[in-house]
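**Q** Spelled out, the chains give:
Protein chains: 2
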Amino acid sequence: MLETLTAEIIAIGSELLAPDRTDTNSLWLTEQLNSIGIEVRLKTIVGDDDARLEEAIRDATKRSKVIITTGGLGPTEDDVTRKVAARALGRRLSLDEEILEELRQKFLRFGHVMPERNSRQAMVIEGAEVLPNPNGSAPGMFIDHHGVAIVLLPGPPREMRPMFETNVKPKLVGRAGNVRVVRRMLRVAGLGESAVDEKIAPIYTQYDNPQTTILFNQSEIEIHLTARGRTEDDANALLDRLSEQLEEVLGDSVFSFAGEKMEEVVGLKLSVNGYTVAVAESCTGGLIAQRLTDVAGSSKYFMEGVVAYSNDAKTRTLGVDPALILENGAVSAPVARAMADGIRKLANTDFGLSVTGIAGPGGGTEEKPLGLVYIALSDEVQTKHRKLQLPGDRQLVRWRASQAALDLLRKRLI
Amino acid sequence: MLETLTAEIIAIGSELLAPDRTDTNSLWLTEQLNSIGIEVRLKTIVGDDDARLEEAIRDATKRSKVIITTGGLGPTEDDVTRKVAARALGRRLSLDEEILEELRQKFLRFGHVMPERNSRQAMVIEGAEVLPNPNGSAPGMFIDHHGVAIVLLPGPPREMRPMFETNVKPKLVGRAGNVRVVRRMLRVAGLGESAVDEKIAPIYTQYDNPQTTILFNQSEIEIHLTARGRTEDDANALLDRLSEQLEEVLGDSVFSFAGEKMEEVVGLKLSVNGYTVAVAESCTGGLIAQRLTDVAGSSKYFMEGVVAYSNDAKTRTLGVDPALILENGAVSAPVARAMADGIRKLANTDFGLSVTGIAGPGGGTEEKPLGLVYIALSDEVQTKHRKLQLPGDRQLVRWRASQAALDLLRKRLI
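Those protein sequence lines, which keep their order, are chains S and Y.
Heads up, my numbering is the position in the first sequence plus 8, with the first residue counted as 1.
Heads up, my numbering is the position in the second sequence plus 8, with the first residue counted as 1.
Please note that the accuracy of each hint is not assured.
Copies of the same chain are indistinguishable here, so a pair counts whether it falls within one copy or spans any two.
[Said to hold, decoys possible] When the alpha-carbon atoms are kept at most 20 Å apart in a straight line, the in silico SDA-like pairs for lysine to any residue are as follows: (1) Lys207 <-> Gly182; (2) Lys353 <-> Asn319; (3) Lys177 <-> His120; (4) Lys114 <-> Leu378; (5) Lys73 <-> His154; (6) Lys376 <-> Arg394; (7) Lys207 <-> Asp86; (8) Lys70 <-> Asp58; (9) Lys114 <-> Leu139; (10) Lys419 <-> Thr284; (11) Lys308 <-> Thr323; (12) Lys308 <-> Leu378; (13) Lys179 <-> Gly135; (14) Lys70 <-> Ala59; (15) Lys70 <-> Ala26; (16) Lys392 <-> Arg418; (17) Lys395 <-> Asp216; (18) Lys376 <-> Ser307; (19) Lys376 <-> Phe265; (20) Lys177 <-> Lys207; (21) Lys395 <-> Arg117; (22) Lys179 <-> Leu116; (23) Lys269 <-> Ser102; (24) Lys269 <-> Ala26; (25) Lys353 <-> Thr323.
Hints are computed from structural coordinates only; laboratory data are not their basis.
The shape of chain S in the complex, shown without the other chains:
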């Protein structure tokens, strides 16, 4: 029998009730909980509002076996979670001297004296296990309340996520039922959403388990697979079978099989081959360099980037012949190629990658419309370029151009 543990998530903070804010913590938490066979049945978003929060926590304890709250553990007046959770559970709240001292030390390490108000972050609910927060000042709490697990976590994802993974997940695994849910994400570049669906629908519609969802995310197609099994191995075997079939029809358009980002895939390929790269960007304005260097260890293969926004910079720093710009315009195949060659020679790398284009909102003409982008890749033997016409606004054109350029390099490295 498939029996899953039920959970609910309470996101706390008045800012989460504004029209421009959405609670993303619960998405990540849902994925984590699902992966250990726990199903999320309800989510509540409540402001810094004592009465409503108290009611939400009290109601939750009556119907769910796992309750996770995020937010409201900061040092300010409106961080009410500790106080209200204690009241909802009928437990005392008291100052823990040891945690207070740790907090003081944490501040001192960064050369500050702890502000007095932060001492409220050392208040602990009776019977709670304190969850250390290596990335912030607010510790979390884990309370077993008559068999219901109540977990208080801070709101910032950088603090919340490692705390959940290290200190909460292992405890919950023990409580979860006998179903394991495993997800996998394939990432695809260079194909449209309907093209992908047309290729893979005949395959994935044959299966109820795994379930397949296709998501269009900026310039990438994400194929989400969710499998259920008695064990993780069972679920993984189902995923292996399906993803092999999908890969067969999608070929090298699939660039990632475990959710890795494009820049991580490219970085790994450069790294294992001992290759180096340098980048010359115009319309992407540093985005490609930023993505490549976002990967830890990228200094091994990323040598230099030039954001040549002005024609002068293209000529002076990258050595593009001014006549080439005059004749073809800055957004053209010859200039893209000269930029790629120029940065490769300047930085003395194996590869030179370049982008020039019109990201908008201004600057488009009939002949060279918004979204027109040239990318080029230069190596010792040859220089290749591609012309793209990318849909979307400025941000999206920039992102898509960076993705296409990185994908050009990825395919060269296969």
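With chain S fixed as given, assemble chain Y onto it according to the hints.
**A** Relative to chain S, chain Y alone:
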């Protein structure tokens, strides 16, 4: 007496509890409700789950004056909203022959015979006003339940939105009375969360209206102010008064008064003064260039960026004296200053901005730990630098370094 009407939103549908889905209807509804002076105090997301939905609706009627549900009005078994709402309110549900006939006609107009299961969409709750749905088959309902307005709307935005605007909003305006809610966001750089709160708590705690929420978002502090008034002008006057007081204690740490991003503020200041800038980055890897060029029209003031990841690039492209690197290391004040001078001269701009640091996770030493960052700003008259010790992981150190560098330029431009 200013009394805002309190609302809550219940989003219904199991798909909204998946890890890759978020409820966006409530954001749009919140904006709509706020604009007519109604405050959203709670949001619930519940699956196609009779018991939990019934409880959610019943609880909501006890604490809120306006309740809006979205979703669960379709023709299938798991569309439970009508049935469960009737039960929660203790009202009968019965078939409305007139609506049934309209539904049949609607299907016929598109050349179809109405499937039998769609007849459940003609079920109406006792006492409800039926809300026509011009873009779909599911009608909505408006119920006045002992003074509480309960509104059932379909989930698809293209059906829900026009129904709300045409048939719901006018009814709620009458109930909302004469209160308007206006929001404003101040952004702060260069100060920690507790430091900000310590400065401003003595001020904002004096006011119930506007309400103040402080949010820590990457390297920025966001101060969210929400004011209620009889008119928008009244609310804005309250916001003006409070934000002036806050500005007085925070000084030039406040860089944005209407939610503008740092790169937009800096860009505007460069633009109106006719100044130009170029950037030399090491550990931020192109992030500053990317942020500056993310702003439309930035080609007017942003000329060039160099991502000098290798020492060789620092020397060759930026003209940093190799002896300087040898003597002080690449992460040092003299090298940061030489990079700023170098890029300014190379690109022939008014300002040269530079960053060099250790973003991690590797590369830290006792003398030069992770998070050590130098930023420098060069102009024709002088070169300034600052030494920073930034907490956080690789991404956060990079972000914070980019923010501090942009902030250095912003303060120079005041």
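**Q** All the hints need checking, so say for each whether the structure fits it.
**A** Consistency of the hints with the structure:
1. Lys207 <-> Gly182: neither (41 Å within a copy, 46 Å between copies)
2. Lys353 <-> Asn319: both (19 Å within a copy, 16 Å between copies)
3. Lys177 <-> His120: Result: close neither inside a copy nor across copies, 33 Å intra and 51 Å inter.
4. Lys114 <-> Leu378: between (50 Å within a copy, 16 Å between copies)
5. Lys73 <-> His154: within (10 Å within a copy, 34 Å between copies)
6. Lys376 <-> Arg394: within (15 Å within a copy, 43 Å between copies)
7. Lys207 <-> Asp86: For Lys207 and Asp86, the Cα distance is within 20 Å only across copies (15 Å; inside one copy 52 Å).
8. Lys70 <-> Asp58: both (19 Å within a copy, 16 Å between copies)
9. Lys114 <-> Leu139: Within one copy only: 15 Å inside, 58 Å across.
10. Lys419 <-> Thr284: within (16 Å within a copy, 38 Å between copies)
11. Lys308 <-> Thr323: between (28 Å within a copy, 18 Å between copies)
12. Lys308 <-> Leu378: Answer is between; shortest inter-copy Cα gap is 18 Å, intra-copy 36 Å.
13. Lys179 <-> Gly135: within (16 Å within a copy, 49 Å between copies)
14. Lys70 <-> Ala59: The answer is both: 17 Å in one copy and 12 Å across copies each meet 20 Å.
15. Lys70 <-> Ala26: Classified as neither: same-chain Cα gap 29 Å, cross-chain 23 Å, threshold 20 Å.
16. Lys392 <-> Arg418: within (13 Å within a copy, 41 Å between copies)
17. Lys395 <-> Asp216: Classified as neither; 40 Å inside a copy, 57 Å across copies.
18. Lys376 <-> Ser307: Classified as between; 17 Å across copies, 36 Å inside a copy.
19. Lys376 <-> Phe265: neither (37 Å within a copy, 37 Å between copies)
20. Lys177 <-> Lys207: neither (37 Å within a copy, 38 Å between copies)
21. Lys395 <-> Arg117: Close across copies (16 Å), not inside one copy (52 Å); limit 20 Å.
22. Lys179 <-> Leu116: neither (32 Å within a copy, 57 Å between copies)
23. Lys269 <-> Ser102: neither (45 Å within a copy, 40 Å between copies)
24. Lys269 <-> Ala26: between (31 Å within a copy, 18 Å between copies)
25. Lys353 <-> Thr323: Both: 14 Å inside a copy, 15 Å across copies.
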